[in-house]
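If you want the building blocks of each chain, they are given just below.
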Amino acid sequence: MHVTSRQFKDNARGAVADANLRQSLATMKTGFRAKRGVAVAALPEFEALREAGKAMKDHTLAHLDHYLERFEEKVTASGGHVHWAPDADAACRTVLDICRRHNARLVTKGKSMVAEEIELNAFLQKNGIEPVETDLGEYIIQLRHELPSHIIAPAIHVRKDQVADSFRDTHTQFPADRPLEEPRDLLDEARTVLRDRFLTADVGITGANMLIAETGSTVIVTNEGNGDLTQLLPRVHIVVTSIDKVVPTLEDSSIVLRLLARSATGQPMSTYTTFSTGPRRPEDPDGPEHFHVVLLDNGRSRMLGTQVQDVLRCIRCAACINHCPIYGAVGGHAYGSVYPGPIGSVLTPGLASLEEAANLPNASTLCGRCEAVCPMKIPLPRMLRHWREEEFARHLVPARARWGLRLWAFTARRPALYRFGTGLAARALRLLGGRRGRLARLPLAGGWTRVRDLPVPEPGGTFMARYKRRETH
Amino acid sequence: MTDPARDSILNGIRAALRRGPLPAETRAALDRGLAAPAPAVVPAIARGSRAALVARFVVNAEAAAATVARVAPAAVGPAVAAYLRDHNQPTRVAVAADARLDGLADSGLLTVERRGTPAGDDAVGVGHALAGLAETGTLLMASGPDSPSTLNMLPDTHIVVVRARDVVGGLEDGWARLRTAHPDGPPRTVHFITGPSRTGDIEQTLQLGAHGPRRLHIVLVDDDPDAPAA
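So the sequences go chain by chain: A and B. Sequential numbering of the first sequence, starting at 1, is according to UniProt numbering. Sequential numbering of the second sequence, starting at 1, is according to UniProt numbering.
In short, the hints are calculated from the structure, not lab data. All residues carry an ideal CB built from backbone N, CA and C; glycine is no exception. Do not take every clue at face value.
[Said to hold, decoys possible] In silico negatives: residues of chain B with every beta carbon more than 10 Å from chain A:
{"id": "1", "residue": "14"}
{"id": "2", "residue": "31"}
{"id": "3", "residue": "67"}
{"id": "4", "residue": "74"}
{"id": "5", "residue": "99"}
{"id": "6", "residue": "165"}
{"id": "7", "residue": "212"}
[Said to hold, decoys possible] What follows is a list of derived Cβ distance ranges for each label pair:
{"id": "8", "chain 1": "A", "residue 1": "463", "chain 2": "B", "residue 2": "62", "range": "53 to 61 Å"}
{"id": "9", "chain 1": "A", "residue 1": "435", "chain 2": "B", "residue 2": "206", "range": "29 to 37 Å"}
{"id": "10", "chain 1": "A", "residue 1": "7", "chain 2": "B", "residue 2": "87", "range": "20 to 28 Å"}
{"id": "11", "chain 1": "A", "residue 1": "195", "chain 2": "B", "residue 2": "180", "range": "31 to 39 Å"}
{"id": "12", "chain 1": "A", "residue 1": "59", "chain 2": "B", "residue 2": "15", "range": "17 to 25 Å"}
{"id": "13", "chain 1": "B", "residue 1": "180", "chain 2": "A", "residue 2": "393", "range": "54 to 62 Å"}
Sequences and hints are given; from them, build the entire structure.
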């Protein structure tokens, strides 16, 4: 997993100044967030479903080895194959081996975050196999040689005229002066180009939203239908997924299905929810002849039994991302990980390392909105704090910040000193602010004052001093 | 045959959970759970009288941008033809091999292009649903010799016949139908379809007709005396 989170601060600075990006991100409020709100309000049992989802997934994770073994047995019994991949490299090699065994040259792909995580496209390309993304958003960013900036809307950062430019550059088979102004024109063109790819691909690769231990089924939840054409038309269907996706039974999958689409796009149910079990049966008129499931670990098992185990309950709905004020300001690319936003800031240090994911645990105001909207009740702020503590304990925090925190901790443990210090500071700031009442510069806090002024503290002393005097306003 | 990758993952899980392999009695208890799945939370929208469920199925399917026609059992073929005519679509159709769709062209208003798997350029596909879910206006389509899955995805216009008797409450009733029809485990592809294909990937503007069908029409056959058409 390629992580560039060390550049988060520079990336964020650039992102905030990017007018195109700001416009794109603004649609999140009226889009995903508003629609989720309506859908959740319309289902009185939503809270009970969240509790049930949490309990179901906690139970599954506590017995993960058993459910994975049962899942494997059922896949095998239905004529498919399960491949275990401890890391990204093993997963990529397994997929390549299967492709080579079937002399595949063209591979269609449904949207898969695990495939992004293991950088499967680059690996296949390097080995002479052409992967074609078929989800519209993924297709757009593949043409633009970019990473997804959102886990369910990978091209959310791209404006439609930028899509038109990419299509004109790539689809040279069409007249150069064709109209591509409207989203409809763009969609129709992509549909035409990709329809041909669906019909000629040798192998189809999808991810999985869930794996069912009871039946050995893999589940995808989509709106476009591309995932279905990807897995139904080629001779071989490969599912690239991870060990945390397993749930025990079909009934358990109902809990997730009722939470997932509502939390993601505000739909009661996505257009297509597809359960795939083994290859086509001898009497079936269509479907793939071969069915393979690649089960990736890549650091997930290591997270069990730790402070961040709960993140393995995640169903990748992106509600936390859609509601995060930091994501809303800087977008997904700034995070430097394929998993952006609160979920990414908790997951990335676990999958890669805290060193590589530097800055991510701090890319949060800990406002708590992510936890409030998480359908699986993952305590994301608590986990971000856990990674911050780890950073401190492992000396990953810069010396100046460490000394600052030490100094603060020293005074915070001595209330009398703390009150004296804050009282003194408040008076000093008021003096410095003078008649303007605000400070444009502050020693040691230049980063903060570069983009905003600090209003001076109000007269009347600190909160504690006023509380003592029982001032009520 | 030992698989070192498999062992390393499973042992890694056990080590992280600070335990060895699960004791036999725990495994047996977990397997009993797998053999007798229990529903967790069934929302009120998945329950109701027969008439209420069928009515809710229609409302929710339409909310998902599908169209619905309620017809008498003998009127399925003409209903399909009328829809295609009204939407300026060709009346040559690819039809699933399902025997319940045998008389579709009897009225002379339709031409059956083929039975079974559609070709890539067939404009209209007609299939039969295993069930309809009132909860979300969803069609449950199970693959098999009578029901090719590509028929659900390839044609521009997807027409699905579903019987009122097969309209059930929610997902749990869907699983029950599926287990009854396929006691040895699910067929290769089980599609839950809610409306026509769509995307919001260009500037979050919702557009119908992405890679799958551009329109979904449901022909609801009124064969349930407990759920008469209004």
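TODO: Run the C-beta distances from residue 165 of chain B to all of chain A and say if the shortest one exceeds 10 Å.
DONE: holds, 22 Å
TODO: Over 10 Å to the closest beta carbon of chain A is the bar; see if residue 74 of chain B clears it.
DONE: holds, 28 Å
Open item on the list: Beyond 10 Å on every Cβ pair: is that true for residue 14 of chain B relative to chain A?
Closed with: At roughly 6 Å from the nearest Cβ of chain A, residue 14 of chain B sits no farther out than 10 Å, so the non-interface label is violated.
Task: C-beta pair residue 180 of chain B, residue 393 of chain A: status relative to the range 54 to 62 Å that was hinted - done: Because 57 Å falls inside the window, the suggested range holds.
Task: residue 67 of chain B non-interfacial with respect to chain A [C-beta, more than 10 Å] - done: holds, 15 Å
- [ ] Check the non-interface label on residue 212 of chain B: least C-beta distance to chain A beyond 10 Å or not.
- [x] Non-interface label fails for residue 212 of chain B: nearest chain A Cβ at 2 Å, not farther than 10 Å.
Open item on the list: A range of 31 to 39 Å was offered for this pair. Does it hold for the Cβ distance of residue 195 of chain A and residue 180 of chain B?
Closed with: holds, 36 Å
- [ ] Please test the hint of 20 to 28 Å on the beta carbon pair from residue 7 of chain A and residue 87 of chain B.
- [x] 52 Å Cβ-Cβ, so the 20 to 28 Å window is violated.
- [ ] Return holds or violated for the Cβ distance of residue 59 of chain A and residue 15 of chain B against the range 17 to 25 Å.
- [x] For residue 59 of chain A and residue 15 of chain B the Cβ distance comes to about 20 Å; the hint holds.
- [ ] Classify the label on residue 99 of chain B as holds or violated, using whether its beta-carbon is more than 10 Å from each beta-carbon of chain A.
- [x] Given a closest Cβ separation of 15 Å, the condition holds.
Task: Distance restraint hint 53 to 61 Å, applied to the beta-carbon atoms of residue 463 of chain A and residue 62 of chain B - done: Holds, since residue 463 of chain A and residue 62 of chain B (Cβ atoms, about 56 Å apart) stay within the stated range.
TODO: Note whether the CB distance of residue 435 of chain A and residue 206 of chain B lies within 29 to 37 Å or breaks it.
DONE: violated, 54 Å
The structure shown violates the earlier hints numbered 1, 2, 7, 9, 10.
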